[in-house]
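Trainee: This is what each chain is made of:
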Amino acid sequence: MSSKINHSKPTDSEIILGILNNSSSTLRYLYKAHFPMILQLVMNNSGNEDDAKDIYQEGIIILHDKVKSGDFELTSKLKTFLYAVCRRLWLKKLSHKSRFSENIKDYEDHFAVETEIVQHEEKDQQLALMQHALTDLGEPCKTIIEDFYMHSKSMQEICEKFGYTNADNAKTQKYKCLQRLKKLFFSQK
Amino acid sequence: MKSEIDLIKRIEAYLFQEMSDEELLTFEKERKDNAELDHKVVAHLDFLKTIKGFGERKELELAMNQLHEEFDIEALKEELVEKPSKVVVLFNKYKRSLAVAASVAIVVTLATLLSTGQFNKEEHSSKYSELKRDMENIKRSQSALIRNINKSETDNSQYGGTGFALSSAGYIVTNYHVVKDADSIYVQDNKGESYKVQTIYVDPQFDIAILQITDPEFKSLAALPYTFKKTNAELGEDVYTIGYPKDDVVYGKGYLSSATGFGGDSTAYQISIPVNPGNSGGPLMDNRGNVIGIVSGKQTQADGAAFAVKSDFLLKAIGNIPQDSLKQKITINKKNSLAGLTRIKQVKKMQDFIFIVKVYN
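Protein chains in written order, with the numbering used here: chain A, 1 to 189; chain B, 1 to 361.
No lab work stands behind these hints, which were simulated from the structure alone. Ideal Cβ positions, reconstructed from N, Cα and C, are used throughout, including at glycine. Fair warning: there could be bad hints in the mix.
[Claimed, not checked] Covered by chain B, per the in silico footprint, the following chain A stretches (three or more residues, Cβ under 8 Å):
| id | region |
| --- | --- |
| 1 | 27-37 |
| 2 | 73-82 |
| 3 | 137-145 |
[What the hints assert, rightly or not] Here are the computed lysine to any residue pairs in the SDA-like style, where the Cα-Cα straight-line distance is at most 20 Å:
| id | chain 1 | residue 1 | chain 2 | residue 2 |
| --- | --- | --- | --- | --- |
| 4 | A | LYS68 | B | ALA63 |
| 5 | A | LYS123 | B | HIS68 |
| 6 | B | LYS9 | A | GLN173 |
| 7 | B | LYS9 | A | PHE148 |
| 8 | B | LYS49 | A | SER69 |
| 9 | B | LYS52 | A | THR143 |
| 10 | B | LYS49 | A | GLN40 |
| 11 | A | LYS183 | B | ILE5 |
| 12 | A | LYS176 | B | HIS44 |
| 13 | B | LYS58 | A | ASN22 |
| 14 | A | LYS123 | B | ILE5 |
| 15 | B | LYS77 | A | GLN40 |
| 16 | A | LYS123 | B | PHE16 |
| 17 | A | LYS182 | B | PHE16 |
Could you put together the complete structure from these sequences and hints?
Mentor: Written out as structure tokens, the structure is:
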């Protein structure tokens, strides 16, 4: 599989299409292609490989979300975008640790990606809240919600899995769960 | 509560298109009319999106972590991480030793500076040394002497200098720093006779002290062979001094090298002459047997720079002594009997008038 990908390097627009279609092979290619670049950036600017992993995955998530949200215009190479995002993220982390000022050793071209980072941080906050709310929700609600809304399982499957007598009962349970989740989620804000 | 669940039910049914056409129409009409309902629908949609986003994120993270496992991180690091230059490697390796070495160097430097008196605030004391003699040998035997102090009244003086006669009546001049803080002072002539003396006048500013021999055994001296020069001596003039840097008289010869003394002091001459501790208070003579100064000190950090108080100031000091307080007037000798003599004869003649000043305290 991987050798096949190597032979035909997907273009940037193919990658974007792949992300939109949740293609795992595209993710594999994308993820594998650019990690060395970020490892180099982080390791040579007072970070270690774990820092590099965190930063890189965050960068991929930002790219992924941006593509999915539909407002991604291919104005630069994906690689450059990824580098710019990771660079910015790493600078932020460094300034948190107050180890560094604005001067880091660069290995690629880059540009300002402030809005992307801000959007990403907002989304991260939301997701953290959701994580909390789901944990607080408890079982079986958590699994019901996850199965239905995240894994797109049918009500019938859920009904069978949890042993509800009919789908309507399961549905009512789901509504109750959803209402509680909503309450938990918004009460945290 | 109930209504809220109902509302969720309806919204969900609407979103998942489980409504009958009739219900759908009613709901859409309600949505249009009721802004609050419409807002709730949008908010719910948003919320569902967040849930979905959460699920997607989890999946993405899982997938990425799996992919990450496939990297050979060590190999990548080897390839990508910049090797520090050799100098940096060496520096890191020997950082500790360097730090230790540097600290030692600093400590040694400070200790050296401290011990050589570089930090001494008194500039003069570091560069200007007075030439009174510390009687080291006597000091060493002091404990023995103290035991039979009553039996022997011999030398237990602590400091010594040189003095020379001002007049045949037993007035002797030396440096103030020689007799400073003294309990008792004795002078000893070149025949080894000791006489007790009394300080009758000191002038710390010009470093002059005038002593008088009070010992009843003292008979007056012969007439002084030398005179005192009132005017300044000339640069380059040959000069000599006679003093007691040790227990026997020592002759030293040199020349007048500057019209001012240490740090531009106009009350003294700078002379190039070998002098040592003990020479303080000795006469500085010119070729014709005139006293032109009193040897007082030398510069420690310069070669051959000694200093002598100008005779001028000696005469002024004598003038300052209230004559009423003296038993005998100090008459300054005006007849020079050395002028025509060779240096050897001059020195020979002078020896009788030059004393060791011994200070006990």
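Trainee: To test your reading of the hints: which numbers does this structure violate?
Mentor: 2, 3, 5, 10, 14, 16
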